[in-house]
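Number of protein chains: 4
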Amino acid sequence: MSDGGSGLKHRSELQVRWGDQDAYQHVNNVAYAAYLQEARAEMLDAAGVRAKASARQGTFVVARLKVEYLRQLTFRPAPIAVTTWVSAMSPARITLRCEIAEPVDDGLGPYCRGLTVLVPYDLENDYPRRVSEAEKAALTHFLVPDPQ
Amino acid sequence: MSDGGSGLKHRSELQVRWGDQDAYQHVNNVAYAAYLQEARAEMLDAAGVRAKASARQGTFVVARLKVEYLRQLTFRPAPIAVTTWVSAMSPARITLRCEIAEPVDDGLGPYCRGLTVLVPYDLENDYPRRVSEAEKAALTHFLVPDPQ
Amino acid sequence: MSDGGSGLKHRSELQVRWGDQDAYQHVNNVAYAAYLQEARAEMLDAAGVRAKASARQGTFVVARLKVEYLRQLTFRPAPIAVTTWVSAMSPARITLRCEIAEPVDDGLGPYCRGLTVLVPYDLENDYPRRVSEAEKAALTHFLVPDPQ
Amino acid sequence: MSDGGSGLKHRSELQVRWGDQDAYQHVNNVAYAAYLQEARAEMLDAAGVRAKASARQGTFVVARLKVEYLRQLTFRPAPIAVTTWVSAMSPARITLRCEIAEPVDDGLGPYCRGLTVLVPYDLENDYPRRVSEAEKAALTHFLVPDPQ
Numbered sequence: 001m002s003d004g005g006s007g008l009k010h011r012s013e014l015q016v017r018w019g020d021q022d023a024y025q026h027v028n029n030v031a032y033a034a035y036l037q038e039a040r041a042e043m044l045d046a047a048g049v050r051a052k053a054s055a056r057q058g059t060f061v062v063a064r065l066k067v068e069y070l071r072q073l074t075f076r077p078a079p080i081a082v083t084t085w086v087s088a089m090s091p092a093r094i095t096l097r098c099e100i101a102e103p104v105d106d107g108l109g110p111y112c113r114g115l116t117v118l119v120p121y122d123l124e125n126d127y128p129r130r131v132s133e134a135e136k137a138a139l140t141h142f143l144v145p146d147p148q
Numbered sequence: 001m002s003d004g005g006s007g008l009k010h011r012s013e014l015q016v017r018w019g020d021q022d023a024y025q026h027v028n029n030v031a032y033a034a035y036l037q038e039a040r041a042e043m044l045d046a047a048g049v050r051a052k053a054s055a056r057q058g059t060f061v062v063a064r065l066k067v068e069y070l071r072q073l074t075f076r077p078a079p080i081a082v083t084t085w086v087s088a089m090s091p092a093r094i095t096l097r098c099e100i101a102e103p104v105d106d107g108l109g110p111y112c113r114g115l116t117v118l119v120p121y122d123l124e125n126d127y128p129r130r131v132s133e134a135e136k137a138a139l140t141h142f143l144v145p146d147p148q
Numbered sequence: 001m002s003d004g005g006s007g008l009k010h011r012s013e014l015q016v017r018w019g020d021q022d023a024y025q026h027v028n029n030v031a032y033a034a035y036l037q038e039a040r041a042e043m044l045d046a047a048g049v050r051a052k053a054s055a056r057q058g059t060f061v062v063a064r065l066k067v068e069y070l071r072q073l074t075f076r077p078a079p080i081a082v083t084t085w086v087s088a089m090s091p092a093r094i095t096l097r098c099e100i101a102e103p104v105d106d107g108l109g110p111y112c113r114g115l116t117v118l119v120p121y122d123l124e125n126d127y128p129r130r131v132s133e134a135e136k137a138a139l140t141h142f143l144v145p146d147p148q
Numbered sequence: 001m002s003d004g005g006s007g008l009k010h011r012s013e014l015q016v017r018w019g020d021q022d023a024y025q026h027v028n029n030v031a032y033a034a035y036l037q038e039a040r041a042e043m044l045d046a047a048g049v050r051a052k053a054s055a056r057q058g059t060f061v062v063a064r065l066k067v068e069y070l071r072q073l074t075f076r077p078a079p080i081a082v083t084t085w086v087s088a089m090s091p092a093r094i095t096l097r098c099e100i101a102e103p104v105d106d107g108l109g110p111y112c113r114g115l116t117v118l119v120p121y122d123l124e125n126d127y128p129r130r131v132s133e134a135e136k137a138a139l140t141h142f143l144v145p146d147p148q
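Chains as they are written, first to last, in the numbering used here: chain R, 1 to 148; chain F, 1 to 148; chain E, 1 to 148; chain Y, 1 to 148.
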């Protein structure tokens, strides 16, 4: 594609934990943010750019998070499907979009839509860094730019 | 005030837990969402509108969450100060704004700014409800409308 | 078997979450307790005795928990295998044993061994109850009594 | 004291989070394990032996955890009081005991009693280490040996 986008989105299947429920007996809003994080870690892994746990360099930190809650999610044995993709990239920011839905489309639309802005960050020196060429190439694999 | 705002913001002091840290050895982005939730529960309590845990009516659910991460937060014995206020209210939506900062201003600005949209929701009948007159009056106590 | 044991243990495969790690960059000890809980919920489901989320009767509460940590667990894409079984049953107590290990035996032994004592409890009336005949029959399905 | 015990126990006041509740609308059993961890971190800090977050040496890992749940804990604004002390020490193991109760004694006894065995561990080299003389001296401050 001329814009460098692959058109390919990353898909994770994540388990809902009984403990993700709150006193309202549905999945707590904070757990959705955890699901986005898990799916993001899987996507970065799949792209080959996630630093290992003990790394202090080559890491990304979250600069912004947006979650739109569209349907209540209740505990169930079946996993949820989380789709994650890169919607924009600049040397200092990577914007991810995300959708949580049923693994098999039930026609009721997604449970939530999310947006996460990652900033490449060098934890060792506590300083923002730039997206490397290798990271840019790797992340292009899951780049699906927002429609203009 | 002519717009019904009190000018008063609610302030919580929340403990940072060792377990809120992630493998990057700072407070995980998801924990900030948990802090917003705790501060919100305290503000709703202070306003007298939080339903008790077992209630299935008179409750609110989260429809939207936005978090801007401005500074990294690391584990420390001192609490963080979370300021929460109502920035807009309509019969079907309550918009809260939130700021996490040092309890004593250190001149470095807040750790994060958040926005939460609550929807009044009847869990018993699984249906959105309206903000009651009593809730509206109570929440006006912490209403600080966004500047135009 | 003469003691009513089936010899059958329940097996769950659980995802390790990136967020289960702590600042020591391994899975936090508290997360193991969460894994035991998830596996237990699955076993109670499989036996047909887990009350639904909104139930206030027919529930069990945890009276005792023991976890022996044998090997460190680090974040990885592969699930862990959690084996859960009933090791003892009386009208007022159900004792579960649990083991967390690799899904395919790596010869290094389990990551942890756990024991959970459940007490049948009526949350509605806030009072301990007795294991019903139906529950007893169902749980016998996963009964593997401790060797004498 | 002839046994080297100080008779002094460490006391933390910990906030109960709304999010510590589960679908049974009481504090989840896993959250008690988190409370024990937070109180332990505070005690190790107070004794001056807790390694900083980024340390890979001089750390302790949990080898065993036991929790007895005695009373249900429900969400409330008031903190809980967690008392933690060293009940036994050897070069390779530190045994901690713990009690969760009301900050002001209500005559109903503790919510829970816990026991945690810590093993001094060098995360850098992934190998058990020995309790240092300095650690031993520091931890003696909170040593209250079990009655014989």
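Keep in mind the hints are simulated off the structure, nothing from the lab.
Mixed in with the good hints, there may be bad ones.
[To be verified] Straight-line Cα separation of at most 25 Å, DSS-like style, residue types lysine-lysine; simulated pairs:
no., chain 1, residue 1, chain 2, residue 2
1, Y, Lys66, Y, Lys9
2, F, Lys52, E, Lys9
3, Y, Lys66, E, Lys9
The hints, checked one at a time:
1. Y/Lys66 - Y/Lys9: holds (19 Å)
2. F/Lys52 - E/Lys9: violated (39 Å)
3. Y/Lys66 - E/Lys9: Given pair Y/Lys66, E/Lys9 holds - Cα atoms ~23 Å apart, limit 25 Å.
Checked against the numbered hints listed earlier, the structure breaks hint 2 alone; every other hint is satisfied.
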